[in-house]
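Number of protein chains: 2
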Amino acid sequence: MQVWKDYLETNKDRFLDELLELLRIPSVSADSKYKEDVARCAEAVKQHMLAAGCDMAEVCPTKGHPIVYGEKIVDPKLPTVLVYGHYDVQPADPLELWTSGPFEPVIKDGKIYARGACDDKGQMFMHIKAFEVMAKTNTLACNVKMMIEGEEEVGSDNLGKFLEANVEKLKADIVLISDTSMISMENPSIESGLRGLAYMEVEVTGPNRDLHSGVYGGAVANPINQLCKMIASLHDENNHITIPGFYDKVLELKAEERNDLNKAPFDLDEYKKELNVSDVWGELGYTTLERTGTRPTLDVNGIWGGYTGEGAKTVLPSKAYAKISMRLVPNQISTEISNLFSDHFKKIAPAGITVKVTPHHGGEPVVTPTDSPAYQAAAKAIKATFGKDPIPTRGGGSIPIVALFESVLGLKTVLLGFGLDNDNIHSPNEKYDVFNYYKGIETIPFFHKYFAESEAK
Amino acid sequence: MQVWKDYLETNKDRFLDELLELLRIPSVSADSKYKEDVARCAEAVKQHMLAAGCDMAEVCPTKGHPIVYGEKIVDPKLPTVLVYGHYDVQPADPLELWTSGPFEPVIKDGKIYARGACDDKGQMFMHIKAFEVMAKTNTLACNVKMMIEGEEEVGSDNLGKFLEANVEKLKADIVLISDTSMISMENPSIESGLRGLAYMEVEVTGPNRDLHSGVYGGAVANPINQLCKMIASLHDENNHITIPGFYDKVLELKAEERNDLNKAPFDLDEYKKELNVSDVWGELGYTTLERTGTRPTLDVNGIWGGYTGEGAKTVLPSKAYAKISMRLVPNQISTEISNLFSDHFKKIAPAGITVKVTPHHGGEPVVTPTDSPAYQAAAKAIKATFGKDPIPTRGGGSIPIVALFESVLGLKTVLLGFGLDNDNIHSPNEKYDVFNYYKGIETIPFFHKYFAESEAK
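Residue numbers (UniProt numbering), protein chains in the order written: chain H, 1 to 457; chain R, 1 to 457.
Looking at chain H on its own, in the form it has when it is part of the complex (with noise of 0.2 Å):
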C-alpha cells in the first residue's frame, strides 16, 4: 500500500521524537514515588490517541495506575481490533549499569536506549502511529479499540475489573498486542504461546532479633543459610522442580510439536557467547528452545538479609528474604501453583524457622493456535512487509491478561511482536531498534486489512 509507505516516510521523524519524548517519562509502576510520573504518562498517551484520530479517548481510573481507553469506530459493520498494550515500565535499577539514563533516551548504531523503548512504550506505541497512518489515509479496514495499561509490569492487577465493568465497551473481534519477541529480522517470527506466572515473596524469620554470630553461631538455625537450604531443595540433580504436584497438569509436547519447535533457527554457540557463559543450564531432556518456551520454571530474582554493606559484620541476622517466580505453561494453573508453593515451602522449613509466604501475582499461560483466522492474517502481514512466512514460536515470558482476555471477553489474541531477545528488556540498557520500531508501524495496517478481509469471507 503505497499511500501508507508514503505517509510513513513523510512522518517517520516526528514519529520517532513522540516516542522518545514518551520515553522521557519514568513510568515505572512498582514504585510509588514514580505515580505521578505514570499518571503524567497516561494523559500523554491519551492526548496521542486523539491526534491520531480516535474519536475519543479518556484515561480511566483504577484503584491503581489508570488504564487509557481510546476508539475510532468506522462502521459497526466492520470487524473490531482490540490494541492492548502497556505504558508502565520496570524499575530501572541497578542504575550503575546504564550507559546512558534510562529516561533520558539515545540513538546509538540505529538502536533506541532506554527503559521501556522495547517493553513496551515503543512496541505499544508503533500502533497509535500505525492507526495514524491509516486514519489519515483513509484507509481504516477495521474499527480499532485501544486499551493501555499501567500495571502490566505490575501483574494487571486492575484490569480484570475494567474488563468485567466494560464488557460490552471493549467488543471486539480479536485482540493484538505487540509486546513480545522475533527471532530476528532475517527470521521473522510469531508467538505462539506464552508461559504463566506465579510470583511469591518469601520471609523466613530464625530468631527474633539479629545476634553476634560469634556467641551465637553453631547452635541456631541461621535464616540465609537455611533459606538457601530450602531454595536449593527446590531443584533435584536433573533441575526438575521438587515441588509435589508441580508437572500434574503439565502438557507434555508432542514429538511432533518438538520436531517442529526446534526447526528455528537456534545456534546454541552463539547464544552462550552472546551471554558469557561456558555452558547453558536447565531441566534434564530437555532443548534450550524447549525449556524456555514449553517447561515450568522456578527462578529466584531477589534475596537479601543480614549485613549487605561496605566491609564485613558478624552478625546472625533475624530475617532473610526471597523472592520467587515460577514461569508456568499449559494446563498449569496460578492459583493452584502459588499454593502448591506455598504448602511446600512452609513445609520444608526446618525446626527454629518460621515462613511468611505472600504471593506477588500471576498470570495464566496462553497458546493461540496457528490455524486460526487472525494467526493467518498476522502472518500474511508479515510476508507482506517481511518477504516470507514467520515461524511460529512459544515465547518463555508472561503477558497474563491474554488468559483474562478469553475468559472475560471471549476473545482470541494474536502476538504480533517486534522485539529482539537481546533487546535487554528488564534490564540495563534496554533497547529497542529504530528499524523495528518503523517496520512495525509498516506491518500492522495489512494485519488491519488481511484481518478484514478473512473476516469478510
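Hints in this document: simulated from the structure, not taken from any laboratory. Glycine included, C-beta positions come from ideal geometry on N, C-alpha and C. There's no promise every hint is true.
As the list claims (entries may be wrong) - Cβ-to-Cβ under 10 Å is the rule here; a few derived chain R residues that face chain H:
1. Ala30
2. Gly155
3. Val215
4. Ile224
5. Ser233
6. Tyr286
7. Glu310
8. Ser318
9. Ala322
10. Met326
11. Ile425
12. Ser427
13. Tyr438
To be verified - SDA-like cross-link-like pairs, simulated, lysine to any residue; straight-line CA separation at most 25 Å:
14. H:Lys272 to R:Glu203
15. H:Lys346 to R:Trp281
16. R:Lys72 to R:Val3
17. R:Lys356 to H:Tyr271
18. H:Lys347 to R:His235
19. R:Lys111 to H:Asn208
20. H:Lys412 to H:Thr385
21. H:Lys356 to R:Lys346
22. R:Lys346 to R:Glu203
23. R:Lys35 to R:Leu95
24. H:Lys346 to R:Asp279
25. H:Lys347 to R:Glu237
26. H:Lys72 to H:Lys111
27. R:Lys63 to H:Glu310
28. H:Lys171 to H:Lys412
29. H:Lys273 to R:Lys346
30. H:Lys263 to H:Lys273
31. R:Lys356 to H:Trp98
32. H:Lys356 to R:Lys388
33. H:Lys356 to R:Thr139
34. H:Lys33 to R:Pro94
Assemble chain R onto chain H, guided by the hints.
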C-alpha cells in the same frame, strides 16, 4: 578496699555521664563515612586517659583508624598490666529496629541503650575509670599501659604492625581485656577461650547481564539459585561442615573437659524462649555450650542479589553475593581455613557460573590456662566483689588480636568481661547494664592488687 568504694560512690554520676558522652560519637569503623567521628572518638579517649591520671597519652595514626595509647609508670620494678580495648563500634543498621537512636544513649530499667554500650566502649571505659579510682587514691599496685584501638570491628588490620613496631613500649606482664561476657551476675564467669575467625565475601556470576526471567528462565543458570545451592552444600545432614580438610586440625575436647564445660548453668528452654525459636540447631553430637564454645561453625552473615525493592521484578540477575564467616577453634589456622574455603567454593561452582572469593579478615582461636597466676588473680578479684568463685567458660566470639599478643609480645591474656549474652552486641538495641558497668569498675582494681601480689611471690 573502702577507699575505692568511697571514690566510686562520690564520682558515680560523672562516670556514667562520661560514658554516655562517649557513646554519642558514631565511631563506626566499617563505614568510611564515619571516619571523622572515629578520629574524634580517639581524641576523646586520649583526653579521658590524661584526666584519669596517665603520665602521657597519645593518638597514634595508622594506615586505618588510629590507636590510642596511654600509660602510668608508678615504679619500673612493679609488674605492668597492659589493658587492651577498642573504641570503634559495629554499624548500627538495621536502624528501623532500634527503639531509640543508636547514638543517642538512653537509660531504661537500669540499662544503657546505645551502639557500643557493651561492645566495647562501656567495657573499655571501665578500665579508664578503674584506673582513675586507683590513680586518684594512690593505690596503683601495678604500672598501667592502655592500648585502645579503632579497628577491632573490621579485623584489627593495623594493630599487628603497631605491636611489632612498639615491642619495647608495650612491655608488660599480662594483657587484660574486657570485651567478653559472663553467664549472669548471679553466676559470674571468666572466658578461658575464644574462637578464631575467617570471614569471606563471595561473588557469583551467571550471564553477563541481568536477563528477563521469562525469556531466559529455565535455560541459563541463575546465580542466586546456584549460590543458594552452593551455600546449602556447605553443611551435611548432620550439620557438619563439608569443606574438605576443615576439621583436620580441630582439637577434640577430652571427656573431662566436655564434662566441666557442661556444668555451667544453662537452661535450654529459657535459651529457646529468649530467642523465640522452636528448637536449637547445630552439629550433631554436641551440646549448645559445646557448639558455641568449642566447635567451628559456618554462617552466612549477609546475602544479596537481584531485585530487592518494592513489588515484583521478573529479573534473572547476572550476579549474587554473600558474606560468609567461619568461627574457628584450636588448632585451626585462619589463613589455612580461608584457603580451604576458597578452593572448595570455586570447585563446587557449576557450569555456567563463575566465582570470585575475597577474604575479609581473620583471627586465630585462643585458650587461656585456668591454672595460670593471672587467671587466678582474676578469679580472686571476682570472688572479692561477687562473693563467689567464677565459672570458667569458652566464648564463641573472636578477639583476633589475643593470638597476636602471644606471638608478638609473648604475653598471656586475661578476659575479664562483664557483658551478658543478651546485651544485643552487633544487633539493634545494644545495651549494657549500669550495674555491670559499676561492678566492672569495682572489680578491676582487685585484679591489679592480686596480680601484683602473685608476681611479688
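Status of each hint after checking the structure:
1. Ala30: It holds, given that the least Cβ distance between Ala30 (chain R) and chain H is near 4 Å, below 10 Å.
2. Gly155: Result: holds, 7 Å to nearest chain H Cβ.
3. Val215: At 5 Å from the nearest chain H Cβ, Val215 (chain R) passes the 10 Å test, so the hint holds.
4. Ile224: 4 Å, holds
5. Ser233: 7 Å, holds
6. Tyr286: 9 Å, holds
7. Glu310: 6 Å, holds
8. Ser318: 8 Å, holds
9. Ala322: Nearest chain H Cβ about 8 Å off; hint holds.
10. Met326: It holds, given that the least Cβ distance between Met326 (chain R) and chain H is near 9 Å, below 10 Å.
11. Ile425: 5 Å, holds
12. Ser427: Since chain H brings a Cβ to about 4 Å from Ser427 (chain R), closer than 10 Å, the hint holds.
13. Tyr438: 23 Å, violated
14. H:Lys272 to R:Glu203: Since the Cα atoms of Lys272 (chain H) and Glu203 (chain R) sit roughly 20 Å apart, the hinted pair holds (cutoff 25 Å).
15. H:Lys346 to R:Trp281: 18 Å, holds
16. R:Lys72 to R:Val3: 20 Å, holds
17. R:Lys356 to H:Tyr271: Holds, at roughly 24 Å.
18. H:Lys347 to R:His235: 20 Å, holds
19. R:Lys111 to H:Asn208: 20 Å, holds
20. H:Lys412 to H:Thr385: 24 Å, holds
21. H:Lys356 to R:Lys346: 33 Å, violated
22. R:Lys346 to R:Glu203: 10 Å, holds
23. R:Lys35 to R:Leu95: Given that 25 Å is the threshold and the Cα spacing comes to 19 Å, the pair holds.
24. H:Lys346 to R:Asp279: The hint holds at about 16 Å.
25. H:Lys347 to R:Glu237: 17 Å, holds
26. H:Lys72 to H:Lys111: At roughly 32 Å apart (the allowed maximum being 25 Å), Lys111 (chain H) and Lys72 (chain H) break the hint.
27. R:Lys63 to H:Glu310: 18 Å, holds
28. H:Lys171 to H:Lys412: 12 Å, holds
29. H:Lys273 to R:Lys346: 22 Å, holds
30. H:Lys263 to H:Lys273: The given pair, whose Cα atoms are some 21 Å apart, holds under the 25 Å limit.
31. R:Lys356 to H:Trp98: 23 Å, holds
32. H:Lys356 to R:Lys388: This hinted pair is violated, its Cα atoms lying about 47 Å apart.
33. H:Lys356 to R:Thr139: 60 Å, violated
34. H:Lys33 to R:Pro94: Given pair Lys33 (chain H), Pro94 (chain R) holds - Cα atoms ~22 Å apart, limit 25 Å.
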